[in-house]
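Residues per chain, in single letters:
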Amino acid sequence: MGTRMMPVGAYDVEAVRRDFPILRQQVYGKPLAYLDNAATTQKPQGVIDAVSEYYARSNANIHRGVHFLSEQATAAYEAVRDKARAFVGAADRSEIIFLRGTTEAVNLVAQAYGRSNLGPGDEVLITTMEHHSNIVPWQILCEQTGAALRVAPINDDGEVILEEYERLLRERTRIVGITHISNSLGTINPVREMIAMARRHGATVLVDGAQATAHTRVDVGALDCDFYTVSGHKMLAPTGVGFLYGRRQILDAMPPYQGGGDMIASVSFEKTTYNRLPQKFEAGTPHIAGVLGLGAAIDYLQEVGLERVAAHEEDLLDYATQKIAAIPGVRLVGTAQRKAAIVGFTLEQVHPHDVGTILDREGVAVRAGHHCAQPVMERFGVAATVRASFALYNTREEVDALERAILKVREFFA
Amino acid sequence: MSELRDLYQEVVLDHGRHPHNFRHMDEASHQSVGFNPLCGDKLTLFLRYEDDVVQDVSFQGSGCAISTASASLLTDAIKGKSRAEVEELIAAFLDMLTAESPPDPERLGKLAVLSGVRDFPVRVKCATLSWRTLEAALGGTDEVTTE
Ligand SMILES: Cc1ncc(COP(=O)(O)O)c(C=O)c1O
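In order, the protein sequences belong to chains L and F.
To convert, take the position in the first sequence, counting from 1, and add 1045; that gives my numbering.
To convert, take the position in the second sequence, counting from 1, and add 69; that gives my numbering.
Bound-form chain L, shown alone (with noise of 0.2 angstroms):
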C-alpha cells in the first residue's frame, strides 16, 4: 500500500489485483478465477504485512504490559478501535466490541442482551434469508427464555415482504435480527426502513453486515440500529476477527458474555466488578494480530474507496448476470430489485456439486452447497445452488471464464 498509484475517477482493476499476491497463480494449469468472495475474501498484501509485522517486531500481550512492546501493542491495536468506528459510523468508540465476527457477535448479543430481556411470550423476529448464525443463536436463546422465533418470508424474487414483515412486528416482539445482505441471494435489504419499522414497535435491531462491509458504505448512526456485525475475513482482514457494533446505553445496561481476564475492573472472591466498555466484553487476549489485519484491511478499503468497488462490483454483477441467465437450462435464485454482487444459480439435470468440481478443474473456484442458508434452500425448492460471488478485485475475463466453465459443465452432462 501506498506504493500504487490510481488515477482519481478511473477504477484501476489491474493495479488491485497486483495487491493480492493469491490471485498471481494458476490452478489445474488454469489462471485462478476467485469468485468464492461471499465465503471470504482473498487477503491485500497490506494486509499480511500488518500481521507478519507484528509478529516480527512488536509482539507482546496488550492492556497490562509495563514494557514498551506492550505499549506500542496497545496503542496499535486500540488505534484500530478508532478505525473500525469511523468505519461503520459509530459515535463512540466504547461501542466497538472486538470479537471472532458474526457467529460471535450475534451469539453475543443473544446471550448478554437477550437472556436477560426476554422471557415467555416475548418474541424474535428474523426473515427467512438468514444465515444460519443469525437463526441458530435464537432459537437457543429462546428456548432459554420460553420467547418465540418468528420469520419474515420473502418473495419468489429473494426480497422480504415488508407487509408480512411489519405485520409481523408485534408488542412482543423484543428483538429482531435481519441481515444487510443475503450471502445466498445477494439480496440488499431495505435496512433502514426495517430498522424504523421495527424501532417504532420498540424493539431493538441487530443487522448481520458479514456480507455488506467489503461493498458497500455503513453508517450506523444513519441506520439507527442497535447493533450491527461484522466479519473481517470477508473484508480483506484475517479470519478469526470481526468486531460488534452496540449502542453504548444497550451495551453499558449489559451483562458480560465472558468471564475472564481483561474485562475485569477488580477482582475478589467475594465481588468482581467488572471493566467499562468496551473491555468488559473482551475477555480473555484478543487476537491482536488479526486486529491489527483488520486495521489494515479498513485503511485499503478506504483508499480504494467503497463508492468505487461498489460501482465496479455492480458492473461485474450485471454482466455476469446477463451472462449466465443466458446459458439453456440455468435458474437464477436470488434476483431482487437490488442486489449485491452474489449470483446464486441451478443448472437442470446437473447437480450443483457436479458443477462445482467441474469449474473447479477450469480454475473457476464457486460454492456449491446451501451456504448456510438450509430455509432459503427450502424456500426455493432447491438441495442446492452454485454461488459466483464477486470482490473488487474480480475482471469481466473472470466472468467469461466462469461463462465458459458452465458451458463445459452442460457439454459433460449432456
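Treat each hint with caution, since some may be false.
As the list claims (entries may be wrong) - Heads up, incomplete: computed chain L residues facing chain F, CB under 7 angstroms, no partners named: (1) Gln1070; (2) His1396; (3) His1398; (4) Asp1399; (5) Arg1406; (6) Gly1414; (7) Gly1426; (8) Ala1429.
Just so you know, these hints were derived from the structure itself, not from any lab.
Since this is a predicted model, take the numbers as computed values, not measurements.
No residue lacks a Cβ here, since even glycine has one placed at the ideal position from N, Cα and C.
Place chain F with the ligand on chain L using the hints.
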C-alpha cells in the same frame, strides 16, 4: 479433463441420470436416512432382508451424479447377497475410496467404475453416503450423517 473423465465415466453418468431401483419400498425390513450436511444431500435406503438374503433393495432422495450413481450401483451389487457378502462389499468399497492401497477389481466388480473419486477428496463423501447408510440400516440405525 482426463481426470474428470475418470471421475464421470459413462457408466457413472448413466446411473446418475437413470438410477436403478429408485423407488420407495413399503415392505422394507430395514431402512435408514443418510445426510451429507456439507451439501444438503439426503437419501433413504430401503432393504428387504430375509433368510439371510437381500431380497430387495431400493433408494430415494436427491443427490449429485456421484452419490446417485453410487447408490444405484449399490442396489445392483447387493441384491441377492448374504449379510456376510454385503459386509465384505461395504468394506471393499470404503477401502477403494479411503485406503492407501490401489483398488482391488476382484473384490469390487462393477463398483470399480467409482475408483476415480479417489482423486477428488472433497467428493469421497458423495460416493460413500449410500454405503454408510447401508451400514446404518443393517445395524438398525435410522439416521446417519457423513460428518
Ligand atoms: C450473511 C452472513 N452472516 C453470518 C455469517 C457468519 O460469519 P462468520 O463465519 O464470519 O462468523 C456469514 C458468513 O458465512 C454470512 O454470510
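Violated hints, by number in ascending order, as checked against the structure: 1, 7
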